[in-house]
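Protein chains: 4
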Amino acid sequence: MTGTVGIALVGSKFMGTAHSNAWQQVTRFFDPPLTPVLHSVVARDAEAVAGFGRRWGWQHASTDLAAVLADPHVGLVDICTPNDVHREQAVAALEAGKHVACEKPLAGTLADARVMAKAAQAAPGRTFVWFSYRRVPAIALARTLVSQGRIGEIRHVRAVYAQQWGGPAAPAVWRFDASVAGSGAHGDLNAHIVDAVRFVTGEELVEVSGAVTKTFVPSHTVDDAVLFLARLSGGGIATFEATRLATGYHNHHGFEIHGELGALRFWFDEMPYLDYYDATAEPLVRGWTRIEVSDGDAGHPWVGSWWPAGHPIGYEHTFTNQAADILTVLGGDEPVAPLPDFAEALVVQAVLATALESARRGSPVEVGELLLAD
Amino acid sequence: MTGTVGIALVGSKFMGTAHSNAWQQVTRFFDPPLTPVLHSVVARDAEAVAGFGRRWGWQHASTDLAAVLADPHVGLVDICTPNDVHREQAVAALEAGKHVACEKPLAGTLADARVMAKAAQAAPGRTFVWFSYRRVPAIALARTLVSQGRIGEIRHVRAVYAQQWGGPAAPAVWRFDASVAGSGAHGDLNAHIVDAVRFVTGEELVEVSGAVTKTFVPSHTVDDAVLFLARLSGGGIATFEATRLATGYHNHHGFEIHGELGALRFWFDEMPYLDYYDATAEPLVRGWTRIEVSDGDAGHPWVGSWWPAGHPIGYEHTFTNQAADILTVLGGDEPVAPLPDFAEALVVQAVLATALESARRGSPVEVGELLLAD
Amino acid sequence: MTGTVGIALVGSKFMGTAHSNAWQQVTRFFDPPLTPVLHSVVARDAEAVAGFGRRWGWQHASTDLAAVLADPHVGLVDICTPNDVHREQAVAALEAGKHVACEKPLAGTLADARVMAKAAQAAPGRTFVWFSYRRVPAIALARTLVSQGRIGEIRHVRAVYAQQWGGPAAPAVWRFDASVAGSGAHGDLNAHIVDAVRFVTGEELVEVSGAVTKTFVPSHTVDDAVLFLARLSGGGIATFEATRLATGYHNHHGFEIHGELGALRFWFDEMPYLDYYDATAEPLVRGWTRIEVSDGDAGHPWVGSWWPAGHPIGYEHTFTNQAADILTVLGGDEPVAPLPDFAEALVVQAVLATALESARRGSPVEVGELLLAD
Amino acid sequence: MTGTVGIALVGSKFMGTAHSNAWQQVTRFFDPPLTPVLHSVVARDAEAVAGFGRRWGWQHASTDLAAVLADPHVGLVDICTPNDVHREQAVAALEAGKHVACEKPLAGTLADARVMAKAAQAAPGRTFVWFSYRRVPAIALARTLVSQGRIGEIRHVRAVYAQQWGGPAAPAVWRFDASVAGSGAHGDLNAHIVDAVRFVTGEELVEVSGAVTKTFVPSHTVDDAVLFLARLSGGGIATFEATRLATGYHNHHGFEIHGELGALRFWFDEMPYLDYYDATAEPLVRGWTRIEVSDGDAGHPWVGSWWPAGHPIGYEHTFTNQAADILTVLGGDEPVAPLPDFAEALVVQAVLATALESARRGSPVEVGELLLAD
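Chains as they are written, first to last, in the numbering used here: chain A, 1 to 374; chain B, 1 to 374; chain C, 1 to 374; chain D, 1 to 374.
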């Protein structure tokens, strides 16, 4: 199958830039079955969106989402707006018959997320959520190694997402405002590592066993940090921590996973590397093997489309990798690694809501309780 | 002041070896105000203890603790036995008017620990607990930097103690038996990192906000892993994790501490190093500074008594450093860094008990509730 | 000044891809005074170059370099071909009045390089050489720190460029053929680290004091590895090593530089990081500071045009950074960091030739001897 | 065989301390076939040596080496004096029928070393040289892996020994005085890494292909740094660098070795670890494996006599390990790893002399030329 799909981008800030770049770059480095047409970018400020559109090669710039949704040349709506408008925009796009790719977290609230997942179920379009760290090659390799049974039954997970930008000196942005963002570090950062742990382990978090939320900066109406403990569907136990006040860390996130037969360790500070411990290896030379996940010939995901081994890709490439996989799926083929849809993102949202509920109640809460509530 | 103090060592296994070595080495590398006399080693097996005594230079080997306690040449009783007999032995030694240095955790149960702390209060002898990781130079330097205000108000602590030896294939030792050990990874490993965090931050854990205990190996009657969340007296929040089933880690423990003005990071896997982030440094060159804590001339603790900078000490030296500090205190001088006594170890024990209680209740529990109960 | 400059790319392999990407991306992330127009790509295979041109957005694809050089819409000729044709192509472009940006090494032989540098001197066009690793932010920051006097007088340099792809199993490519490449690891890899050391230190290599060349694979007519020792203009001494048979290293290159007042360390395996040791810092906390060179607000070069701090750029961005600086220079402004021209690349070429001459003679050779010969 | 051997230690400074400690500790942690008796310590200052002897448990302290050599209770003479007196002391001891263990380098000059090796050949006693870094477990494991053929034919060696203490501010010690030390960084530091490379690879340096010596500090009469290139007996090539002015490094030494089938990497800054790259491993998970060489059960050398895996030993333990191996050899058994004798240390000395000769001549010099000269 060959052909094109018209893209409408909603939002033109940090994520709008990352997504525009991905749609521009994807056909340079990949050969997806569908070619994206950068049809329209939509944002509130007419002048700004026009400039953004020119810079990034969008054919049209608009402030009228409804009009764009009515355009039959648009096949996929890519949502990069603050969390509180995801629901309205995504549902409208789905009802207009479009495919929808939405930034994470799926929504600011579990209720919104539930509405979105239902709309997705009822609509003809495919849905995607930009848990783009799944497309870090080292993280996807971790998933492959787990799925091959290399580390056996999982006992421990330690997941952290620590940033430092959100202290008292940070400018007042929507991410600190509960009415827009829904939550703070939790939805922004824990969302990523909850998704990553699910993706890599293939397991679900079944219970949040305890949680702490903390707002350090008085003017913030969202959490600045959320810690929680969880039980996994396979019997393992896990710690999660998200914070925007971890002095020293610009963007430190990752996980350590210990299984019966081995272990895995990934930190985004050293993006190209996955550490793998094979407990079944010969004792004399057993240890943590640092795999530079940059070698297409070795079977490392996505990197064969980029540069030779040892020539690293960066942050933005995770979006391009995801754009390639979205186009692959829309073209009827298999993505390099599974893509999350609204139904799956709802599960992440339920985990996040369960953590907050656990903190509120001061007791363990089953994820199913919130996920299945209606 | 100069003089000698007779030591009686109780126990002759792993810790007995480490302590014997410390008492032998301390006067080679330090000049403490009191010289230890290796008077007696006491253990249950007459033949084994005799051999141990000869190897390690103890003047006497005995199976009769009471007789040893009655000997006026013994001034300090050093207890290296399993947790369940700490109370009886320590109380007897205190009642005999001796100083007591006891291995950690103070006891197998909070009740025992409370009895011991009370006995200590009533007795003339000084008490010490072998939280020997306090005497890792990098950990003591971390404490110094915090106490100098370098990282400001503490917001986050992340403490982990992960080992891998305790899986199904491990031999059945007393450490897996609740009737002897009291707890498993919790008392053995969380005890260390709870003490280290208190020592470094100068703060107390005031609440355990959630906890999970897990026994992976059916034949074990103790926990194999315990995770918990805590609130600190200064307003920060913390995660603690101890496990004996973290495949890949022989003896991985340490902490990351984020404050308002800086951060600290230590992992025992790289024992000589403390990482320090000074958030007030010039932005152009700001980053994590890896301090090789091996330079006596730079003011690094203890190392000036050992080798030139860059020539590392190892695990055993933490015990020798502690022996030096104990002798210094008994001689009337100030130790290089504060030594924990029974009262302080009782606080650690109360934290551990609070974590178990939080897991049992499925709710947050204040440490004071258990500490102050009688 | 605003306006455009037409680019003609010569070559369409690995470097052709990297350069095409740079010319496409540069106006998305930077606002250079001149906008590049991707006018023509030139290569030998008509069909292949047409496909390449379509994929990368070149307006024209051609097999006729002379015709392209005759086109007045072309302002800059970007040469990405094998080393043996650099001279002919560059001289033709210069004589046609174009600016020329040439891949490194400047040529396969010192004689060719000398001709090119002379042609550059005589022509109106500006010349540039793609020593693109200068535009790794960490390397440019190293240069800044040296130029600020932070490490004082330089005593030691240790530079290595080690790859592993060039063993007996590698396919026979032009890089192993002396008649095309001129040299092997030496021109390919030592060229980079010689330039990087000159760039960072601001010093010249004045003597090659000893050198070893080695061809491990019998079918290769170039060196597989070249080691050499050098004296620097400031009195320091240096080791250089380039090899394509360093098992374990995909693309390991970098340097350690020790000065009177401090030291610097960079390895491309961990591209975002520069390690800086400030010997004048307070002894208690002195150590190697790992600077994550990703923070535009901190003054780190180029990265402010890309993503927020902690979101790494990769290999390809060094080319885009260079494209931005070339356009800046052509537009009459100052580049973020100095750009090498043909005259400067001739110096690198003379150093490389001096090393080979030193190996041939079995004696020290002054760089000036070859550089100044005619 | 059981029994004792009387030790006479000559010298009471840094190395005297390290050796005294080794002789004291060896029977605590090992069960050698011979038990050392700390018979006599000999040094020039009567009062100082008496104090040293008391502290370290030597039975006698003396200023009269001849008298000590005449004592039939002394079986092994352990020489820790400056390089210029090694010859006289060692020859006297050998002629007195003693075994001799001498600090490295064997002598200050090749001529002295040759005399010593000849004396050793003629005497009944065994000789040993304290290349104690051979007894770092990670280094000995590297040797084992090479000897098992795991990395195949060796192509590249990169060896560095960098310290920073020897700048203008350092006190004037014998190590800066050519008449006492013979050489500076070269004999002190290159001696170690030349021996380590020979030990690990099992190969000889057959040619020094180029060398640079440098004295940065005017008051020093020895070299402050020596760099050299070498060819190995197996066809590989190598770089060596020793310096006392590498700002930032207290005691940074180690090597990287690349073979046909794999590679090894060791740096003393992270003493417990050996990095091993197995190029024959499955491509998907191939990488550098960091082996924590602390696990006696895994077959790691010496560590089983010390502490459980993950509980590091330090600098001093390399001496104790060597003491154990010396006693093992004297008792008629096989050491854990080969011990260098005077004949082997003469080879190291010849390599060092060859490097200086290569620097002097400005040309390559075969090691055999100097080694075989008489």
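There may be inaccurate statements among the hints.
[Stated by the list, open to error] Calculated lysine-lysine pairs in the DSBU-like style (CA-CA distance at most 30 Å, straight line):
| # | chain 1 | residue 1 | chain 2 | residue 2 |
| --- | --- | --- | --- | --- |
| 1 | D | Lys13 | D | Lys214 |
| 2 | B | Lys214 | B | Lys13 |
| 3 | B | Lys214 | A | Lys214 |
| 4 | A | Lys13 | A | Lys118 |
| 5 | B | Lys118 | B | Lys13 |
| 6 | C | Lys214 | D | Lys214 |
[What the hints assert, rightly or not] The following label-pair restraints were derived from C-beta to C-beta distances:
| # | chain 1 | residue 1 | chain 2 | residue 2 | range |
| --- | --- | --- | --- | --- | --- |
| 7 | B | Gln148 | A | Trp267 | 47 to 55 Å |
| 8 | A | Glu88 | C | Ala70 | 35 to 43 Å |
| 9 | A | Lys13 | C | Ala169 | 32 to 40 Å |
| 10 | A | Trp174 | B | Ser233 | 51 to 59 Å |
| 11 | D | Pro338 | C | Asp297 | 38 to 46 Å |
Source of the hints: derived by calculation from the structure; they are not laboratory data.
Since the structure is predicted, the reported quantities are computational estimates derived from the model, not experimental observations.
Here a beta-carbon is modelled for each residue, glycine too, at the ideal position from N, C-alpha and C.
Pair hint outcome, Lys13(A) versus Lys118(A) [Cα-Cα no greater than 30 Å]: This hinted pair holds, its Cα atoms lying about 28 Å apart.
Hinted pair Lys214(C) and Lys214(D), Cα distance within 30 Å: With a Cα-Cα distance of about 26 Å, the restraint between Lys214(C) and Lys214(D) holds, given a limit of 30 Å.
Pairwise hint evaluation, Lys13(B) against Lys118(B), where the allowed Cα distance is 30 Å at most: OK: Lys118(B) and Lys13(B) at ~28 Å, within 30 Å.
Assessment of proposed distance window 32 to 40 Å (beta carbons of Lys13(A), Ala169(C)): violated, 48 Å
Satisfaction of the hinted span 38 to 46 Å by the C-beta atoms belonging to Pro338(D) and Asp297(C): violated, 57 Å
Given hint Lys214(D) paired with Lys13(D) - CA-CA distance at most 30 Å: holds, 27 Å
Hint check for Ala70(C) and Glu88(A) - Cβ pair distance inside 35 to 43 Å: Hint violated: Cβ distance 58 Å, outside 35 to 43 Å.
Assessment of proposed distance window 47 to 55 Å (beta carbons of Gln148(B), Trp267(A)): Once the Cβ atoms are compared, 29 Å apart, the range 47 to 55 Å for Trp267(A) and Gln148(B) is violated.
Pair hint Lys214(B) and Lys13(B), alpha-carbon separation not exceeding 30 Å: Distance ~27 Å between Lys214(B) and Lys13(B) Cα, so the pair holds.
Holds or violated: Lys214(B) to Lys214(A), with C-alpha atoms at most 30 Å apart: holds, 26 Å
Range hint compliance [Cβ, Trp174(A) to Ser233(B), 51 to 59 Å]: Violated, at about 34 Å.
The structure is inconsistent with the numbered hints 7, 8, 9, 10, 11, although it conforms to all the rest.
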